[in-house]
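So the chains spell out like this:
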Amino acid sequence: MSFIEVSDLCFGYAAESEDEAVREVIHHLSLSIEEGEFVALLGHNGSGKSTMAKLFNGMYLPQSGRVVVDGMDTADESLQFEIRRRVGLVQQNPDNQLVASIVEEDVAFGPENLGLPPAEIRSRVDQALKAVDMYEYRDHAPFKLSGGQKQRVAIAGVIAMEPKCIVLDEPTAMLDPRGRDEVMQTIRTLNREKGITIILITHYMDEAVQAGRVVVMNSGEIVTQGTPREVFSQVELLKRHKLDVPQATELMYRLRGAGIDVPADILDSEACIECLSALCKKEA
Amino acid sequence: MIADITFGQFFPAKSPIHRMDPRVKLVLVVLMIVFMFLAKNFFGLGVMVAFTVAAMLLSKVPMKLYIKSVKPVLFIIAFTSLINLFYGSGEPLWQFGFLRITLNGIFNALFIVIRITALIMISALLTFTTSPTQLTDAIERLLKPLAKLHVPVHEFAMMMTIALRFIPTLLEETDKIMSAQKARGADLESGGLIDRVKALIPILIPLFVSAFRRAFDLATAMECRCYHGGEGRTKMKVLHVSGGDVLSLGLSCLACAVVIVCNFVFPSLR
Amino acid sequence: MAILETKDLTYVYGQGTPFERTAVDHVNISIEEGEFLGVIGHTGSGKSTLIQMLNGLLRPTSGQVLLDGEDIWKDPKQIRRVRFRVGMVFQYPEYQLFEETVLKDICFGPKNMGLSDEQAEECARQAAHFTGLKPELLEKSPFELSGGEKRRAAIAGVIAMDPDVLILDEPTAGLDPNGRDVLLSQILSYHQQRKNTILLVSHSMEDIGRTADRLLVMNSSHAEMLDTTRRVFAQSDRLESIGLRVPQITRIMTELRRRGFPVDESTLTVEEALRQLIPYLKGEIQ
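Protein chains in written order, with our numbering: chain A, 1 to 284; chain B, 1001 to 1270; chain C, 2001 to 2286.
Hints are supplied without guarantee of correctness; some may be wrong.
Which residues of chain C face chain B? A few of them, derived with a C-beta cut under 7 Å, are [unchecked claim]:
#, residue
1, L2057
2, T2061
3, P2076
4, I2079
5, R2080
6, F2084
7, R2085
8, Y2095
9, F2098
10, F2108
11, N2112
12, M2113
13, F2130
Facing chain A, a subset of chain C residues (Cβ under 7 Å, in silico) [stated by the list, open to error]:
#, residue
14, E2033
15, E2170
16, P2177
17, I2252
18, R2259
19, P2262
20, V2263
21, L2274
22, I2278
23, L2281
In case anyone wonders, no lab produced these hints; they're calculated from the structure. The C-beta atom is built at its ideal place from N, Cα and C for all residues, glycine as well.
Let's have the full structure, built from the sequences with the hints guiding it.
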């Protein structure tokens, strides 16, 4: 069985008034995620991808269908904390998820809730801060940090709980390019070096490209999934679902449309340049 | 900018006073304040002042900052001492209509000035040398026994922690909203009282909306990090009462005892 | 003709305190009437402080901002008039909405200008049209709108003052690709119809490449470059040395040129690239 097993999941938000129907956001969605995977969940705003974030750790409970994490059904309330310590959540706004006014005390918040002995908390906090490269800032006030740094502290706060999986809900949407790079770098390292399962919810294509698997969502359903190459070569499909492809991919796609024989699964500028120069050399 | 001011209270330094257990510090400061009020004459008060000054010198916080902290209450000090000046008993030294100054009045006024200044100094000493987080922590631990009486001590401390964390964020946000509304021509500076209150609506409503949005996000984040109230919670930082703490505790008890002795031995003022 | 000019414009935060920091240092730039100027630079490069001085929200520590040749701080009492002429849309402007209805909120600016209710409403409806806000949304509460709609309503609130210069600080931040594309083309078509000056601050080089005629590059409190977008993006090495990049397509085309492809020095959009590459590649293959 997979680490996370979502089967035939339906979820909707409660109606605000009586004459309004329940707004169903997720329709019969099935998805399995293996331990150690890096999955990007891609979709436009309102596609249901952020709702999924809270379904993975039992913050929301399925209306029908099941979400099973590490063999535990999220609908079982007695397992609530067991599930949450295994699946951490990082939200979009870095300002709104830090609790304490000193970095290391914020990171300690989770382990303190788990009731761990002080020495254990101390060592987890130090390790977590080192893992996101924020150890030097341990006694700073969060509000003086940059967006990228705050987001890394939030990630450290989750790591200190020693989760098997981290779900990140648009963690870079409010950051500048430097902050985005910092956060993406951190995510990649955690996945590669610590083997933490990553579920990255985003609408940035260049971030999704870094994942091992991309799952595209639209109106609460999975439209397509596969490796970034497989998914991004379907330019037509992505555009239909209000998504974007990297400019390099778009260029190749449109060259193909003009009858020039280039591969469709080019994702970055280097590959694109090599491909085009090779094409000319071959012909010459 | 605005945020810098509110956090300016804590002055990070490496001094014996900074190193003290915040619980002990808090208890001592409360004790000192009580005995400053109990002192009935200059001798007792003098002991307290000497003790305060010694602690201030040890704190490695610039004297300038202590003097600055008196500034906001200068008016109150002046006002109370003036009243005391004119309400003394005994032979008038100077009289004009109902205003009369006596030797006793002068002593009383002087006593009040010293007492209030000392009170402010010792409170400033506490806030300069203890971070807000340490202070919250100390309060929570000291009040812990009250939890048995169903007083929500942990919840209160959590509220303090969150407030401390979000005050600078909300101040910054207020700044931003004010700029945005000014850019739309909001006039915040002119007009009568009613106009000015009305002008606050475009700032307060977005601020409330944003505070609620933040609260909602924060609640989610806390729940995701397994927060479930104070029960079964541990703390990373363990507080230790050190030799220095015991020593200062002993010294201040001694000082307090001296105040009581002074009260009996020397005549009280008034 | 220059509509906005700065003369040795300088801004120092916390002057006289230990936290003193010069955010904008002797900047001399001139912004032409009717141009679409992109502004790029890192967080902390001074671009936010600069734009807030351009409409009189911040008063320069030294130096001047000239609007139509006149110092905007000549009469500080009249500074609000400058703010009506130089409109400013902040980052995440939806957080400033406060009125009961979207229409009333958009009317806030025009009413502050002293327009009558009818005139203000007329301006508001027009502004809503420019930003692509559907008329039926105008009577709703701004808090019922979706994220993208809120953003449009907030931008309309500034456009309704009919400013001669419109400054937009990252108007597409946090929007998804579709929302971003639609909003950008709305801004472009507004610019073409109204023919006013637009300053667009953005971290997205792709967006800048698609919209801006000229580009101002801010770097550590200075105006590093001010030139046509094409010429700025042609200097990819210089941009990279200050930690900025060029659009992906520009990068690809610059490298192809280096490898002997007969393409322009600076290409800004995929369309431009295709126009050059298709005929060439077809010729090569045959």
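Against the structure, the hints come out as follows:
1. L2057: holds (5 Å)
2. T2061: violated (14 Å)
3. P2076: Violated, because the Cβ-Cβ distance from C:P2076 to chain B comes to roughly 11 Å (cut-off 7 Å).
4. I2079: Where the cut-off is 7 Å and the nearest Cβ of chain B is about 9 Å from C:I2079, the hint is violated.
5. R2080: holds (6 Å)
6. F2084: holds (6 Å)
7. R2085: With a minimum Cβ separation of about 11 Å from chain B (threshold 7 Å), the hint on C:R2085 is violated.
8. Y2095: Holds - the Cβ of C:Y2095 comes within 7 Å of chain B, reaching about 6 Å at its closest.
9. F2098: holds (4 Å)
10. F2108: holds (6 Å)
11. N2112: holds (3 Å)
12. M2113: With a minimum Cβ separation of about 6 Å from chain B (threshold 7 Å), the hint on C:M2113 holds.
13. F2130: violated (16 Å)
14. E2033: violated (30 Å)
15. E2170: violated (9 Å)
16. P2177: holds (4 Å)
17. I2252: Hint holds; C:I2252 Cβ to chain A Cβ min 5 Å, cut 7 Å.
18. R2259: At 5 Å from the nearest chain A Cβ, C:R2259 passes the 7 Å test, so the hint holds.
19. P2262: violated (11 Å)
20. V2263: violated (10 Å)
21. L2274: holds (6 Å)
22. I2278: Since the shortest Cβ distance to chain A is 5 Å, the answer is holds.
23. L2281: Since chain A brings a Cβ to about 5 Å from C:L2281, closer than 7 Å, the hint holds.
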